[in-house]
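Using the sequences and the hints given, assemble the complete structure.
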Amino acid sequence: MTSQPISDEHEQLTRIERQLALAQRITHVGSWEWDAATGVVTWSDELYRIYGFEPRSREVTFEFFVSRLHPDDVVRVQREVALALERGGRFAYPERIVRPDGTVRDLDTVGEAARGPGGRMLGLIGTCRDVTDERRRDETIRVYADIVHHMQIALSVWEVGDPDDIGTVRLVTFNPASEPVARRSLEGCIGKPFRGIFPFGGGSPIESLLLDVARDGRVREAVTERSRNPDHPTRALSAKAFPLPGGRVGLAVEDVTELTRARRLKDAEHHVLESIATGAELGGILERLVLAIEDYSPPTLGSILLLDADGVHVRHGAAPSLPAAYTKAIDGKAIGPCAGSCGTAAFERRPVYVEDIETDPLWADYRDLARTHGLRACWSTPIFSNEGRVLGTFALYYGEPRTPTAEDLALIERATHLAGIAIEHIQLEDQLRALSAHVESVREDERTGIAREIHDVLGQALTALKMDLAWVSRRATGQEAQLEKLAAMSQATDEIIQQVRRISTELRPGVLDDLGLLAAIEWQAQEFEERTGTLCTIESNVEDAALERDVSTALFRIFQEALTNVARHAGAEHVGVRLWLEGDDLRLEVRDDGRGITQAQAGNPRSLGLLGIRERARRLGGGATVAVDPSGGTIVAVHVQRARRAAP
Amino acid sequence: MIRVLVADDHAIVRRGLRQILAETQDIMVGGEAATAQEALQLVRDERWNAVILDISLPGADGLGLLAEIRRERPELPVLILTVHSEDQYAVRAIKAGAAGFLTKESAPEKLIEAVRKVAGGGRYVSAELAENLASFLAGETAGAPHERLSDREFEIMKMLASGETVSEVARELSLSVKTVSTHRTRILKKMGMKTNAELTHYAVRARLVD
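Those protein sequences? They're chains A and B, same order as listed.
Quick note on numbering: the working numbering labels position 507 of the first sequence as 1883, and the sequence is numbered without any gaps.
Quick note on numbering: the working numbering labels position 7 of the second sequence as 1414, and the sequence is numbered without any gaps.
If you are wondering where the hints come from, they were derived from the structure by calculation, not from laboratory data.
As the structure is a computational prediction, the values presented were derived from the model and not from experiment.
Wrong hints could be hidden among the right ones.
[What the hints assert, rightly or not] Distance condition first, Cα-Cα at most 25 Å in a straight line; then the derived SDA-like pairs of lysine to any residue:
hint, chain 1, residue 1, chain 2, residue 2
1, B, LYS1596, A, ARG1971
2, B, LYS1596, A, VAL1918
3, B, LYS1596, A, ILE2011
4, A, LYS1861, A, GLN1875
5, A, LYS1861, B, GLU1516
6, B, LYS1601, A, GLU1915
7, B, LYS1601, A, SER2007
8, B, LYS1585, B, SER1557
9, B, LYS1565, A, THR1908
10, B, LYS1596, A, GLU1919
11, B, LYS1565, A, GLU1949
12, B, LYS1596, A, GLU1906
13, B, LYS1601, A, GLU1903
14, B, LYS1601, A, HIS1950
15, B, LYS1502, A, THR1913
16, B, LYS1585, A, ARG1878
17, B, LYS1517, A, THR1853
18, B, LYS1601, A, VAL1918
19, B, LYS1596, A, SER2007
20, A, LYS1616, A, ARG1639
21, A, LYS1861, B, ARG1422
22, A, LYS1861, B, GLU1430
23, B, LYS1585, A, ILE1914
24, B, LYS1596, A, THR1913
25, B, LYS1596, A, ARG1954
26, B, LYS1517, B, ARG1422
27, B, LYS1502, A, GLU1903
28, B, LYS1601, A, GLY1970
29, B, LYS1565, B, GLY1599
Written out as structure tokens, the structure reads:
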């Protein structure tokens, strides 16, 4: 502001008017005057702006003023004005006006009725303040406050004195939802330190969240899947902390226990399905399933029993949390109309929910056993195959008498269904594998028989024939033609012997049965070299190891398949073969320096050769991998158990 | 007189052998066995100058019978006579202590020669087999790697080592590519190498090529 000396009165007046206009503009206050005698209305510049007009752009009359009022306010405002005129003195009322562009503004009007000598009414004078933005702000704040008050998320504000000292973090305020989430009353806690309110919060993610946000003012989030509070161990909380003015930190905490639990269960189910698809071992799959259910619904203890092929006895399937002595005692028991929860459920093909083992007649034979291990309730459901065959039972145990809730039943149904898929899938797979193994072994036996027959009977007879021919040749004293004929016969016999040997060896190499796996692999490698010109080198430590016929046959056939692949696809110059024993595992590795198999080829489900390799290895309790050698070429690596485990 | 025991489960083969050996003045078949037990019994009970043994005699586990005979009479030479022509049989038979190895399709003269040789305390393998044995035993034999090669292999090795390709060698020697390729494989194996580059490296160091 300038501090010019006041030159004359007029100038000073103009200056006051300017300052007044500026003040009106800043505060959104307009002023007006109504002369009762002339009916002339005068508006200040700011009032024109409030009404949405250029200052002094038109005449203002009382009728014009009324025409700008919001239709709902017309009657009321006219009455207010009439009252003011009648009573005189001060008046005030709110009004809404409509601008030419249709927007509605909220005004607060304050005025005074001016009276002349003798109480004659001279007119009205007043101000209008545009309070639209203010009202909206107030409204917003009111709505927010309402939301904060009613929302289910715990909101609290904390004062942080020193971001390195949790002792200086004190509660400033909180919303009602904070109490259920905190699982305690917060009455009288304002001003108290964090650890004083949450003794189990020490070192928790929420604690460091508060301190970190106080330190650098950046918004942070954290999820704790397991509460440190021993009374609520499965609780999961999701927290977000944000900076507030004055070094305070806002904290929003949500109880996500249900969400997390549901997600974890879903993840576990997904994992189980995936394991089934990738052909994991059944025991492991079922155990994972039971653990997931136990995690979802504590303090339950889960158990899966499998029904034997005889349809009478149950076998241990999975019970990772039940006492081992208990599961051992149950293993091999017969099902029946009164055989605990599981035995009865499997026998009667219906769910059996025993709510108190102590009193239930079905548990007569097993009551003492259950008591010894502290089991009081057991709800069991049969697991069915697609065709309705009972595969086993799924059971939940509790340490206290207990009645299943609707939620429990839904969970049991989900788990039972999944267990059924797993068991049936694996059983079918086992059957298929056993069948294919049987077919394979029959075929191999047949080949061996035929090969031996051809080789021995035909081969030896031909050998003898050849000796006889030699004998005759030596004694023949006849003509040249006769001797030539004998020589030709001898040669023909040789060729037949070669053919017989070739046919027999292709069916099944005698080397494999006579000399063993390593010799057979050496022989096959040598044949391969001669046929393809690809160098084969062999390293091995199994020279004298006695191997089962199945194991030798499988590895030999795998080796043949691997070589076939090399010849067909690799374009290799060298094939390195390693055959070695490592503990109980027999390992074979065929590594070539050719083009290298592509990921797609290695995983191609229609590649029967590779499938054959994998299946042969799996049947012998092992596995096979086909991969690209980092230095180029392909590696087929197979391991099998040296002594085959008993069929399941 | 060389007194021989013939152990073979095929009567016609035994008869054939008898005939062949009967033509000599110095060899006589003194007994026959058709099973492993019979053979072992005869080895124990009588004195022999040599045994002609079929590798796949019933009742015997592969080369088990050979080992048994060796244990019983370490000084008794055993000549393996078999229909199996695969090198693996020969290598394992020799390792297990056989004095000689012969396939049944060999000419009768070879059989007679073999019996005389082993009975006289010598060893008998065919020339072809001897060469294959060399490559099998490459790791165990002393001497420079190239000394294990035959003349033809040595020639091809030098050509490959000087950078010629398999087809060039084939053209030059008027051989099929396949034959040369097989030769190359054998050469690499006998010398314990895996690539032509290794061959070149070796040949230069051993001053076999310039």
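Now the hints, each set against the structure:
1. B:LYS1596 to A:ARG1971: holds, 22 Å
2. B:LYS1596 to A:VAL1918: The hint holds at about 21 Å.
3. B:LYS1596 to A:ILE2011: holds, 21 Å
4. A:LYS1861 to A:GLN1875: Status holds; Cα separation ~21 Å.
5. A:LYS1861 to B:GLU1516: holds, 20 Å
6. B:LYS1601 to A:GLU1915: Satisfied, since the Cα-Cα distance of roughly 14 Å is no more than 25 Å.
7. B:LYS1601 to A:SER2007: Roughly 15 Å separates the two Cα atoms, so the pair holds.
8. B:LYS1585 to B:SER1557: Between LYS1585 (chain B) and SER1557 (chain B) the Cα gap is close to 18 Å, so the pair holds against 25 Å.
9. B:LYS1565 to A:THR1908: Roughly 22 Å between the alpha carbons, so the hint for LYS1565 (chain B) and THR1908 (chain A) holds.
10. B:LYS1596 to A:GLU1919: Holds. LYS1596 (chain B) to GLU1919 (chain A) sits at ~20 Å (cutoff 25 Å).
11. B:LYS1565 to A:GLU1949: The hint holds at about 19 Å.
12. B:LYS1596 to A:GLU1906: holds, 12 Å
13. B:LYS1601 to A:GLU1903: It holds: about 18 Å lies between the C-alpha atoms, which stays within 25 Å.
14. B:LYS1601 to A:HIS1950: holds, 7 Å
15. B:LYS1502 to A:THR1913: holds, 20 Å
16. B:LYS1585 to A:ARG1878: holds, 20 Å
17. B:LYS1517 to A:THR1853: holds, 22 Å
18. B:LYS1601 to A:VAL1918: The given pair, whose Cα atoms are some 23 Å apart, holds under the 25 Å limit.
19. B:LYS1596 to A:SER2007: holds, 22 Å
20. A:LYS1616 to A:ARG1639: Distance ~20 Å between LYS1616 (chain A) and ARG1639 (chain A) Cα, so the pair holds.
21. A:LYS1861 to B:ARG1422: holds, 23 Å
22. A:LYS1861 to B:GLU1430: Cα-Cα ~23 Å, so holds.
23. B:LYS1585 to A:ILE1914: Holds, at about 22 Å.
24. B:LYS1596 to A:THR1913: holds, 7 Å
25. B:LYS1596 to A:ARG1954: holds, 16 Å
26. B:LYS1517 to B:ARG1422: Roughly 17 Å between the alpha carbons, so the hint for LYS1517 (chain B) and ARG1422 (chain B) holds.
27. B:LYS1502 to A:GLU1903: holds, 22 Å
28. B:LYS1601 to A:GLY1970: The given pair, whose Cα atoms are some 13 Å apart, holds under the 25 Å limit.
29. B:LYS1565 to B:GLY1599: holds, 16 Å
The structure shown violates none of the earlier numbered hints.
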